[in-house]
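In order, the protein sequence lines correspond to chains A and B.
Each residue of the first sequence is one higher than the one before, starting from 1 at the first, in our numbering.
Each residue of the second sequence is one higher than the one before, starting from 1 at the first, in our numbering.
In short, the hints are calculated from the structure, not lab data.
Check each hint, because a few of them may be wrong.
Far from chain A, some chain B residues (derived; all Cβ distances over 10 Å) [said to hold, decoys possible]:
no., residue
1, R50
2, R100
3, G181
4, V200
5, K211
Pair ranges (Cβ atoms, derived) [to be verified]:
no., chain 1, residue 1, chain 2, residue 2, range
6, A, G294, B, L27, 23 to 29 Å
7, A, P94, B, F34, 39 to 45 Å
8, A, A316, B, D284, 20 to 26 Å
9, B, E79, A, A270, 31 to 37 Å
10, A, P115, B, E79, 36 to 42 Å
11, B, Q151, A, D246, 47 to 53 Å
12, B, N35, A, P84, 43 to 49 Å
13, A, A270, B, E243, 15 to 21 Å
14, A, L292, B, P242, 31 to 37 Å
15, B, E79, A, R185, 49 to 55 Å
16, B, R229, A, K242, 49 to 55 Å
17, A, R371, B, Q151, 36 to 42 Å
Just so you know, even glycine gets a beta-carbon here, dropped at the ideal spot from N, CA and C.
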Amino acid sequence: MPKLQPAVGQHGVLPKDGLANLLRTLRQDGYTVMGPTVERDVIVLQPVSSTEQLARGLRDQQQPGVYRLKPADPDLFFQYVVGPHGPKRYLFPPIQQLFALHVRQGDFAFDAGPPQPPKLAFVGLRPCELAAMASMDRVFAGQSRCESDVYYLQARQQMFIVAVNCTHPAGTCFCASMNTGPQAREGFDLALTEMRGAFLVRVGSARGAQVAASLELQAPTAAEIELAELKLDQAREHMGRKLDRDEARHLLEQNIEHPHWDEVAKRCLACGNCTMVCPTCFCSSVSDANDLTGGGVSRTRLWESCYTHQFSYTTAGPVRSTIRARYRHWLRHKLCTMWDQFGVSGCVGCGRCITWCPVGIDLTQEIVALRGGSPIQPAELSPNVESEV
Amino acid sequence: MTVSALPSRPQPFCGLDTMMPLPARILSVREENFNTRTFQLEIIEPDIRRAYRWQPGQFNMLYVPGVGEAAISISSDSEQPQLLEHTIRVVGSVTRAITRMGEGGVVGLRGPFGCGWPIELLRGRDVVIVGGGIGLAPLRPVVYHVLRHRQHFRRVVLLYGCRTPADRLYAHELAQWTAGGSIDVLVTVDNATPGWVGPVGVVMKLLQRIKVNADRTSVLVCGPRILNRVAAWQFLQSHVPPEQVYVSLERNMHCGFGRCGHCQYGPKFVCKDGPVFRFSDIADIFAKEEV
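This is chain A alone, in the form it adopts within the complex (with noise of 0.2 Å):
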C-alpha cells in the first residue's frame, strides 16, 4: 500500500502507536518534545521523551476553585484539557535573564545578553491556546524590531505544534461562545481529534505535512471523519459555560463605576493567582540581583501580577490602591482593553482563571451581574461531561 502524504488541509488516520513514532520523528527533527505529564496531581507541560510520560487515561474535573485529576478510559490519551501550564511559559518564561554585565574602566562590560531561545515541538496544544498564542504574538511584535519580544518571536517562529481538538470539555471550558474551540482551525503543524483507537490527523502547515508524510497514515473513512465531527459537536455543546464577548467587551466600556465591582472585591484576595495562569497575561518586571564581591550584577525579567500593590506605584503611592480597581482593571484588560491595546481578545476562553481562583471567582458570571442579571447558582451549571461517544 502507497504511503499517504496528506497535504494541508487534508486528513489522515494514525493508529494509537503512531504516537511514539510521531514523537521520534520530532526528536530526531530536533526539537524538544514538551507534552502533557501528570506532576503533583495536575497536568503539565514537560519535555517528554517516549510516549510512556504522557498523561493517559485521565480526566480532569475542573469547576471553580477545584482541580481533579480522576481515573478514565486507560486506552485514551486526551480526556482532559488544559491544566494551569500553557506554552506561554516558554516563550516567555517566568523567570529569564535579560543580560549581565560589570562595571569597568567607567564603561558596561556585558558578560551575557539574552539566551537563546529553544526549538519546541509541543504535543497536545488546546484550541483555546492557539488562540491565546495568536493574540501574544500581537503583543510581542512591536512597531519596530526594537520594540519587538525577539525571544518570544524566534521561539514562535521555530516552534511545531501538534494541536488536539477538545472531546472532552472541562466544566470550566467556554471556547466554543468565543468561537476559540474546541476544535483547531488554524495556527497548527498537526491537528489530532483522539478516536479509539487511532486519531484522525489534520495537516496544517507545510511542516505538519512534511512530518505526516513521515508517519504511517492510513486514509480516512467517511465514516471516521464523521465520528471526530460529531465528537466535536457534542464537545460544543457539553462546554460548562459560556461568554459573549461583544457583549462583555461593551459591559466592561460602559461600566467603570458599577456596584458590582464592590461586590467581587469583597471575594477576591488579589493573590494574583489568575494572572499567573491566563495564557494572555503578558505583565512582567525587571529586578537586578548583585553579585556580593561587587563585580557584576544579573538583569532578570519576571512575570507580574496586575493585583499587585508594587504594580502600579508611583512616588505618589499605588495607582490602583484597592481590590475593586486592581479586579477591575484585570478584567477591563482580558476582555475589553486589550482589543483597543493589540487589536485581539485577552481572553480565549480556557477557564484556568476559574479553575485556579482559590475562591472560585467566575469571570462569566461577573459579566452576567455587570449585565444586571443574577449569577447562575453553581449547581446548575453543567458538570464535567461524563458520556463518552
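Guided by the hints, dock chain B onto chain A, whose structure is given.
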C-alpha cells in the same frame, strides 16, 4: 472639527535587545534645588550618540547597575540632541543612586520612549505652558523650541508654580526666557520667603493674570495629578477645546514600549501612547479614580 494626527515618535535605539541599556557618562551636574539636580549625559558609543534623536516630552529609562531603572524625561534642547539633560529629583533608590554618582559616573540609558508634545500642531497658535514642581522638566524642551523658532508662534506664556522661591528649577534661565518679551513667564510659590515679591498661591491662580483667546490657544500641562486635573478643567471652562489641551502623565514604567503593562491607563500605555496625551483622547477616563 478635524484634528490632525499626533506626530510620529522617534523609535528607541537598541542593540541586541531593547532591554539592554546603552552606557552614558555624566558630563556635568548642576544643582537646581535641595533635592533636584540636572545631569548632562553623553552616550559613550559615538555612532549611537551621533544618531540619537528625540522629541520634546519624550523620556529615557536611566539605569544604575544593581539598583534599577527610572523613567526620566529629557529636559534639554532637542535641536542639540547629543547634549542630553535629565533633571532628577531624589524620590527613590534609582534617583538617589544617580545623584550620589556625580560627574564622571556611568549610567545606562534606554530610549527615547513615548509620544511628546505636539510641537508641529502648535504653529501659529497661542501657547500656554503650565508646569508644577518637577513638571517643568519635560516642558523645558518646548521653551527651547519656542525660543529658537519664536516667529512660528503667537503669544507664549509659561505659568510655573513650586513650593518656595528656592525650589524653582532653572532659576538662572527663567529670567533669560522672558528677556526681550519673547515669552511671558509667571511664577508663583506656595510659601514666600523674604525677598520674594511675586505671586503666592497655587499655579492655576495665575490664570487670572492672563487673557486666554480660546479659539487660538493650545495648553500644555505637566505637574502633579491635582494640577493636571485643575488645569485641564479650568482651561476647558475657559472654552479652550479639549483637542487643544495636552497633559503629560506619570505612571510606573519598566519597559518603555508598552510591553510590561505597569503603566496602563485604561486602554492606553502611558509609556508608548503618552506620556503626553491630548485631553480629548482620555476624556472618558481622565477623572476616573484608579483606572
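We went through each hint and held it up to the structure:
The beta carbon of R50/B is kept farther than 10 Å from every beta carbon of chain A, the shortest such distance being approximately 17 Å. For R100/B, the requirement that its beta carbon stay farther than 10 Å from each beta carbon of chain A is met, with the minimum near 14 Å. Every C-beta of chain A lies more than 10 Å from that of G181/B, the closest at about 37 Å, which supports listing it as non-interface. Residue placement check: V200/B keeps its beta carbon more than 10 Å from all beta carbons of chain A (closest about 24 Å).
No Cβ of chain A approaches the Cβ of K211/B within 10 Å, the least distance being about 33 Å, so the stated non-interface status holds. G294/A and L27/B have their C-beta atoms about 26 Å apart, which keeps the hinted 23 to 29 Å range intact. Separation of P94/A from F34/B is about 42 Å and conforms to the stated range, judged on CB atoms against 39 to 45 Å. With their beta carbons about 22 Å apart, A316/A and D284/B fall inside the hinted range of 20 to 26 Å.
Between E79/B and A270/A the beta carbons are some 47 Å apart, a value that contradicts the proposed interval 31 to 37 Å. For the pair P115/A and E79/B, the supplied restraint of 36 to 42 Å holds, since their beta-carbon distance comes to about 40 Å. Range check, Q151/B to D246/A: about 52 Å between beta-carbon atoms, so the 47 to 53 Å window is met. The hinted window of 43 to 49 Å between N35/B and P84/A holds, with their beta carbons roughly 46 Å apart.
The supplied range of 15 to 21 Å is broken by A270/A and E243/B, whose beta-carbon atoms lie about 38 Å from each other. At roughly 54 Å, the beta carbons of L292/A and P242/B sit outside the given window of 31 to 37 Å. Separated by about 53 Å at the C-beta atoms, E79/B and R185/A satisfy the suggested range of 49 to 55 Å. Distance hint check for R229/B and K242/A: the Cβ-Cβ separation is about 41 Å, which falls outside the suggested range of 49 to 55 Å.
The beta-carbon spacing between R371/A and Q151/B, approximately 58 Å, falls outside the hinted interval of 36 to 42 Å.
Checked against the numbered hints listed earlier, the structure breaks hints 9, 13, 14, 16 and 17; every other hint is satisfied.
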